[in-house]
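Undergrad: Residue strings, one per chain:
Number of protein chains: 2
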Amino acid sequence: MHFPNDGLIPIEVSARHVHLSQADQDVLFGVGYQMTVKKELSQTGLWAAEETVIVKGPNGELKCRVLGPCRPATQVEFAYSDGFRTGIDVPMRESGHHEGTPGCTIVGPKGSVEIKQGVIDPQRHLHISDEEAKAWGLEKNDIISFTVPGEQSATYYNAVVRVHPTFRLNIHLDTDEGNACSLKTFGGKAAIKSIERGGKLIWRAE
Amino acid sequence: MHFPNDGLIPIEVSARHVHLSQADQDVLFGVGYQMTVKKELSQTGLWAAEETVIVKGPNGELKCRVLGPCRPATQVEFAYSDGFRTGIDVPMRESGHHEGTPGCTIVGPKGSVEIKQGVIDPQRHLHISDEEAKAWGLEKNDIISFTVPGEQSATYYNAVVRVHPTFRLNIHLDTDEGNACSLKTFGGKAAIKSIERGGKLIWRAE
Numbered sequence: 001m002h003f004p005n006d007g008l009i010p011i012e013v014s015a016r017h018v019h020l021s022q023a024d025q026d027v028l029f030g031v032g033y034q035m036t037v038k039k040e041l042s043q044t045g046l047w048a049a050e051e052t053v054i055v056k057g058p059n060g061e062l063k064c065r066v067l068g069p070c071r072p073a074t075q076v077e078f079a080y081s082d083g084f085r086t087g088i089d090v091p092m093r094e095s096g097h098h099e100g101t102p103g104c105t106i107v108g109p110k111g112s113v114e115i116k117q118g119v120i121d122p123q124r125h126l127h128i129s130d131e132e133a134k135a136w137g138l139e140k141n142d143i144i145s146f147t148v149p150g151e152q153s154a155t156y157y158n159a160v161v162r163v164h165p166t167f168r169l170n171i172h173l174d175t176d177e178g179n180a181c182s183l184k185t186f187g188g189k190a191a192i193k194s195i196e197r198g199g200k201l202i203w204r205a206e
Numbered sequence: 001m002h003f004p005n006d007g008l009i010p011i012e013v014s015a016r017h018v019h020l021s022q023a024d025q026d027v028l029f030g031v032g033y034q035m036t037v038k039k040e041l042s043q044t045g046l047w048a049a050e051e052t053v054i055v056k057g058p059n060g061e062l063k064c065r066v067l068g069p070c071r072p073a074t075q076v077e078f079a080y081s082d083g084f085r086t087g088i089d090v091p092m093r094e095s096g097h098h099e100g101t102p103g104c105t106i107v108g109p110k111g112s113v114e115i116k117q118g119v120i121d122p123q124r125h126l127h128i129s130d131e132e133a134k135a136w137g138l139e140k141n142d143i144i145s146f147t148v149p150g151e152q153s154a155t156y157y158n159a160v161v162r163v164h165p166t167f168r169l170n171i172h173l174d175t176d177e178g179n180a181c182s183l184k185t186f187g188g189k190a191a192i193k194s195i196e197r198g199g200k201l202i203w204r205a206e
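Order-wise, the sequence lines are chains G and B. Take the first sequence: its position 37, counted from the start at 1, is 37 in this note's numbering, and no numbers get skipped. Take the second sequence: its position 92, counted from the start at 1, is 92 in this note's numbering, and no numbers get skipped.
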């Protein structure tokens, strides 16, 4: 298979963060509150806020950055180690898939909310635009594996391909996955090793 | 290649810890101090002490368990994330290889020491006895890769084979590497994927 860019995909390591629903933001920060954009993120329209909240589990709490804009349901994205530190047993899920996930307490400057579900360890994933997906021979929901190079090299499996017209090409890892390869937050490029579609292996690197 | 145990090797995840020289232990805990054994470890003769010390870097400090018995030189074993949290830029090294590694301050109940070097991110490694190494077709300093199964599966490369008559068969990962696969401290078994010897690939799984 011949891939663009010599088959290399930029990696981004995402630290734990929270997406808030408008209703929860209203409780945590007050009705009509406008977040301050700290940084535009690589995915178009997404930004990190200056604001943070405290996420509390049964055994501890962690400060989490808020990402905007608001979403239909509040979602806390934790690495496995963040779950360990707070006592929340966090399952791996795709973004937005909250069925059967644990909740937590979120504390903001104006109030706090108890969410019943929505704490996830985000499944490894690739963002790609419709146009680039064609060039790479990838389709929505393909499952890929990819190798992070370096002296602490690793191949990660079970990463889902997410396709959207506005997506920019990159692979998202959580901090545990990045740290296991000694990657900085923006660090390095990965090479696709295999592609599965509908449960069948359709391509594998030599 | 036909391996014993269906080719599966127990994995142990090692949290950060410190091995002390006798001289440094004398300063930190007092001359003649006897550590209390909390737990015998899987490698014969090694034990975790009830005692902990504080390891300080330029940006933070972390509590670290002491492992015994004493060694010729003090060594702090950190995961990459521990280095990040303390501000120590920790290089990957085999145990005992301290040339060019950073130092730190270690604080105990009776005093503190500044070590000039010895903070390492331990290279992934396999412990194996001489007898088992023969059965597995492995030699000292072979470099292997291995796959951790599960929904957050990963293959880790560049793990060094360490052979000693008293070693018990297992693979040691640091907490970042374990967390990237959602492994508990004692968690799971890995399958060897490749063996390199003297820089040459001598075997690879299909």
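If you're looking for bench data, these hints aren't it; they were derived computationally from the structure. Treat the hints with care, as some may be off.
Intra- or inter-copy, both count: the list cannot distinguish identical chains.
To be verified - List of simulated lysine-lysine pairs, DSSO-like, C-alpha gap at most 27 angstroms: (1) K140 with K189; (2) K193 with K39; (3) K193 with K110; (4) K116 with K184; (5) K189 with K38; (6) K134 with K39; (7) K56 with K193; (8) K200 with K184; (9) K140 with K193; (10) K39 with K189; (11) K38 with K140.
These numbers come from a predicted model, not from an experiment.
Undergrad: Give a verdict on every hint.
TA: Hints, one by one, checked against the model:
Within a single copy, K140 and K189 get their C-alpha atoms as close as 21 angstroms, which meets the 27 angstroms cut-off; across copies the closest is 32 angstroms, which misses it. Proximity of K193 to K39 under the C-alpha cut-off of 27 angstroms is found in neither arrangement, the shortest distances being 32 angstroms within a copy and 41 angstroms between copies. Taking identical chains as interchangeable, the C-alpha atoms of K193 and K110 are never at most 27 angstroms apart, the minima being 47 angstroms within one chain and 53 angstroms between chains. In the homo-oligomer, the alpha carbons of K116 and K184 lie at most 27 angstroms apart only across protomers (25 angstroms), although the nearest pairing inside one protomer, at 33 angstroms, exceeds that limit.
Taking the shortest Cα distances, K189 and K38 sit within 27 angstroms of each other inside one copy (25 angstroms), while across copies they are farther apart (43 angstroms). For the identical chains of this complex, K134 and K39 are neighbours neither inside a copy (30 angstroms) nor across copies (56 angstroms), given an alpha-carbon limit of 27 angstroms. For the homomeric pair K56 and K193, neither the shortest alpha-carbon distance inside one copy (38 angstroms) nor that between copies (40 angstroms) is at most 27 angstroms. When the C-alpha separation of K200 and K184 is checked against a cutoff of 27 angstroms, the pair qualifies neither within a copy, at 33 angstroms, nor between copies, at 30 angstroms.
Only within a single protomer do K140 and K193 lie at most 27 angstroms apart by alpha-carbon distance; the minimum there is 17 angstroms, versus 29 angstroms between protomers. In this assembly of identical chains, the alpha carbons of K39 and K189 lie at most 27 angstroms apart only when taken from the same copy (22 angstroms versus 41 angstroms across copies). In this assembly of identical chains, the alpha carbons of K38 and K140 never lie at most 27 angstroms apart, being 31 angstroms within a copy and 51 angstroms across copies at closest.
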